[in-house]
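Engineer: Top line first, the protein sequences correspond to chains A and B. Residue numbers 2 to 119, in the numbering used here, belong to the letters of the first sequence in order. Residue numbers 144 to 251, in the numbering used here, belong to the letters of the second sequence in order.
Calculated from the structure, these hints are not laboratory results. Honestly, I wouldn't trust all of these hints.
What the hints assert, rightly or not - Result set (BS3-like, lysine-lysine): computed pairs, CA atoms no more than 27 Å apart in a straight line: (1) B:Lys169 - B:Lys250; (2) B:Lys169 - A:Lys45; (3) A:Lys107 - B:Lys210; (4) B:Lys211 - A:Lys10; (5) B:Lys211 - B:Lys169; (6) A:Lys107 - B:Lys169; (7) A:Lys58 - B:Lys202; (8) A:Lys45 - B:Lys238; (9) B:Lys238 - B:Lys169; (10) A:Lys15 - A:Lys107; (11) A:Lys107 - A:Lys45; (12) A:Lys10 - B:Lys180; (13) A:Lys58 - A:Lys10; (14) B:Lys211 - B:Lys250; (15) B:Lys210 - A:Lys10; (16) A:Lys10 - B:Lys202; (17) A:Lys107 - A:Lys58; (18) B:Lys238 - A:Lys58; (19) B:Lys169 - A:Lys58; (20) A:Lys15 - B:Lys169; (21) A:Lys58 - A:Lys45; (22) B:Lys180 - B:Lys202; (23) A:Lys45 - A:Lys10; (24) B:Lys180 - B:Lys238; (25) A:Lys45 - A:Lys15; (26) A:Lys15 - A:Lys58; (27) B:Lys169 - A:Lys10; (28) A:Lys107 - B:Lys211.
Said to hold, decoys possible - Okay, the calculated bits of chain A under chain B, using three or more residues with CB under 8 Å as the criterion: (29) 64 to 78; (30) 106 to 113.
Unchecked claim - Sample of chain B residues at the chain A side, in silico, Cβ under 10 Å: (31) Pro150; (32) Glu159; (33) Gly182; (34) Tyr217; (35) Gly232; (36) Phe241; (37) Gln243; (38) Gly244; (39) Ser248.
Glycine included, each C-beta is placed from N, C-alpha and C at the ideal position.
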Amino acid sequence: NAGVTQTPKFRILKIGQSMTLQCAQDMNHNYMYWYRQDPGMGLKLIYYSVGAGITDKGEVPNGYNVSRSTTEDFPLRLELAAPSQTSVYFCASSYGRTGRGETNEKLFFGSGTQLSVL
Amino acid sequence: QQPVQSPQAVILREGEDAVINCSSSKALYSVHWYRQKHGEAPVFLMILLKGGEQKGHDKISASFNEKKQQSSLYLTASQLSYSGTYFCGTLRGGKLIFGQGTELSVKP
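One chain only, chain B, in its complex shape:
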């Protein structure tokens, strides 16, 4: 069963903030985040390995709430380059299963 992402799509103006959520009905041991630009392969952003862990990458950060079985990706002061589809991934018996994706569009 794949993780569920919300929202499905979001439109921002440059400089605005956004939050993308990823939740699972089953226990999470780790959460992966990837970004895919149109026509390209997904690119790794970060992995969170344990509950309570938070990581940052430039102005993109994420948190992992193991008890609530969810993770959130925070995009701060968005830039045009942040546009793309964001995927979270979770592990199921060694398989990395992705959510359906959240399409983020940043407008000037």
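Next up, chain A with everything else stripped away, as it sits in the complex:
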């Protein structure tokens, strides 16, 4: 039972470099999310997806891009990395069954990617 798998676990980037954070889930979940968490702070939603081919912005989308070509995978792309993007990134997924138009299923989180931009 792999659950939500994130790679890499750690990465150091130079300013201006680009990279893709990988996220895969094997639970056939419809909903997937990307959050960032700065030291001592809460979780901020970057992007989310309610199914393959459908993505939408969260609270802090600037500087990031996502795609969802399959149900299983939801990669997060950083273009032109900046020091402000130094953070821990968490991917999460849920089944997404809804009531009153909202998800009511619990989130399963990956173990996180610690990214430093120097």
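Since the structure of chain A is already known, use the hints to place chain B on it.
Structural biologist: For chain B alone, kept in the frame of chain A given last:
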């Protein structure tokens, strides 16, 4: 707009009780509660789906007052293992938005 949690931090002795509150300026349809230990990913505790609902998980329970747009998490007879940061989450158009977190420290 993210939900607001209070207090921001609390320190307890083993066996003491605590209450963490989560409030929103907009209507709540459901409230999620998660706990995150240092250096780990958040872990699901419970979801409350409708006003008046109460749930329990071991000695951790929660209530949801839909009219007041708030939820409370109750930790009874706290244990060392309860230490961590607690987050409430609310839905905004399908997005799950979290509060800023409440750091709970349980001392022997």
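Engineer: Hint by hint, note whether the structure agrees.
Structural biologist: Hint by hint, here is what the structure shows:
Between B:Lys169 and B:Lys250 the alpha-carbon distance is near 36 Å, which puts this suggested pair outside the 27 Å criterion. With a CA separation close to 18 Å, the supplied pair B:Lys169 and A:Lys45 stays within the 27 Å bound. Between A:Lys107 and B:Lys210, the direct Cα distance comes to roughly 23 Å. Compliance with the 27 Å bound is thereby established for this hinted pair. Restraint check for B:Lys211 and A:Lys10: not satisfied, since their Cα atoms lie roughly 41 Å apart, outside the 27 Å limit.
Distance hint between B:Lys211 and B:Lys169 is fulfilled; the C-alpha atoms sit about 10 Å from each other, no more than 27 Å. For the proposed pair A:Lys107 and B:Lys169, the alpha carbon gap of about 21 Å is at most 27 Å, so the pair holds. For the suggested pair A:Lys58 and B:Lys202, the alpha carbons sit about 37 Å apart, so the restraint of at most 27 Å is broken. Pair hint A:Lys45 plus B:Lys238 holds up; C-alpha atoms about 11 Å apart against a cutoff of 27 Å.
At roughly 14 Å between alpha-carbon atoms, B:Lys238 and B:Lys169 fall within 27 Å of each other, so this suggested pair holds. Distance restraint check for A:Lys15 and A:Lys107: the Cα-Cα separation of roughly 36 Å exceeds the 27 Å cut-off, and the hinted pair is therefore not satisfied. Between A:Lys107 and A:Lys45, the direct Cα distance comes to roughly 17 Å. Compliance with the 27 Å bound is thereby established for this hinted pair. The hinted pair formed by A:Lys10 and B:Lys180 meets the criterion: a straight-line CA distance of about 17 Å does not exceed 27 Å.
With a C-alpha separation of about 24 Å, the suggested pair A:Lys58 and A:Lys10 falls inside the 27 Å cut-off, and the hint holds. A hinted pair counts as satisfied when its Cα atoms are at most 27 Å apart, and B:Lys211 with B:Lys250 does not qualify at roughly 33 Å. Between B:Lys210 and A:Lys10 the CA atoms are separated by roughly 42 Å; this puts the pair beyond 27 Å, and the hint is violated. About 33 Å separates the Cα atoms of A:Lys10 and B:Lys202, which puts this hinted pair outside 27 Å; it is violated.
A distance of roughly 20 Å separates the Cα atoms of A:Lys107 and A:Lys58; the hinted pair therefore holds under the 27 Å criterion. Of the pairs offered as hints, the one joining B:Lys238 and A:Lys58 holds, with about 9 Å between alpha carbons and a cut-off of 27 Å not exceeded. Using a Cα cut-off of 27 Å, the hinted pair B:Lys169 and A:Lys58 holds, with the two alpha carbons roughly 20 Å apart. For a cut-off of 27 Å, the pair hint linking A:Lys15 to B:Lys169 is broken: about 41 Å separates their Cα positions.
Between A:Lys58 and A:Lys45 the alpha-carbon distance is near 11 Å, which keeps this suggested pair within the 27 Å criterion. Annotation: proposed proximity of B:Lys180 to B:Lys202 holds, straight-line Cα distance about 18 Å (limit 27 Å). For the proposed pair A:Lys45 and A:Lys10, the alpha carbon gap of about 19 Å is at most 27 Å, so the pair holds. A threshold of 27 Å between alpha carbons decides the hint, and for B:Lys180 with B:Lys238 the separation of about 23 Å falls inside it, so the pair holds.
Proposed proximity of A:Lys45 and A:Lys15 is supported: the alpha carbons are some 23 Å apart, at most 27 Å. At roughly 25 Å between alpha-carbon atoms, A:Lys15 and A:Lys58 fall within 27 Å of each other, so this suggested pair holds. Of the pairs offered as hints, the one joining B:Lys169 and A:Lys10 is violated, with about 36 Å between alpha carbons and a cut-off of 27 Å exceeded. With a C-alpha separation of about 23 Å, the suggested pairing of A:Lys107 with B:Lys211 holds against the 27 Å cut-off.
Remark: the region 64 to 78 of chain A is not confirmed as covered by chain B, as 0 of its residues place a Cβ nearer than 8 Å to a Cβ of that chain, below the required three. Check on the region 106 to 113 of chain A: 8 of its residues sit with their Cβ under 8 Å from a Cβ of chain B, so the three-residue criterion for coverage holds. About 14 Å separates the beta-carbon of B:Pro150 from the nearest beta-carbon of chain A, more than 10 Å, and the hint is not met. Violation of the interface hint for B:Glu159 is found here, the shortest Cβ-Cβ separation to chain A being roughly 24 Å, above the 10 Å cut-off.
The criterion of a C-beta within 10 Å of any C-beta in chain A is met by B:Gly182, whose closest approach is roughly 9 Å, and the hint holds. For B:Tyr217, the suggested interface contact is broken, since its CB lies about 19 Å from the closest CB of chain A, more than 10 Å. For B:Gly232, the shortest C-beta to C-beta distance to chain A is roughly 8 Å, which falls under 10 Å, so the interface hint holds. A hinted interface residue such as B:Phe241 counts as satisfied when its beta carbon comes closer than 10 Å to some beta carbon of chain A; here the least separation is about 4 Å, so the hint holds.
The closest approach between the C-beta of B:Gln243 and any C-beta of chain A is roughly 4 Å, which is under the 10 Å cut-off, so the hint is satisfied. Contact between B:Gly244 and chain A, as hinted, is supported at the beta carbon level, the nearest pair being about 5 Å apart and thus within 10 Å. Because the closest C-beta pair between B:Ser248 and chain A is about 14 Å apart, greater than 10 Å, the hint is violated.
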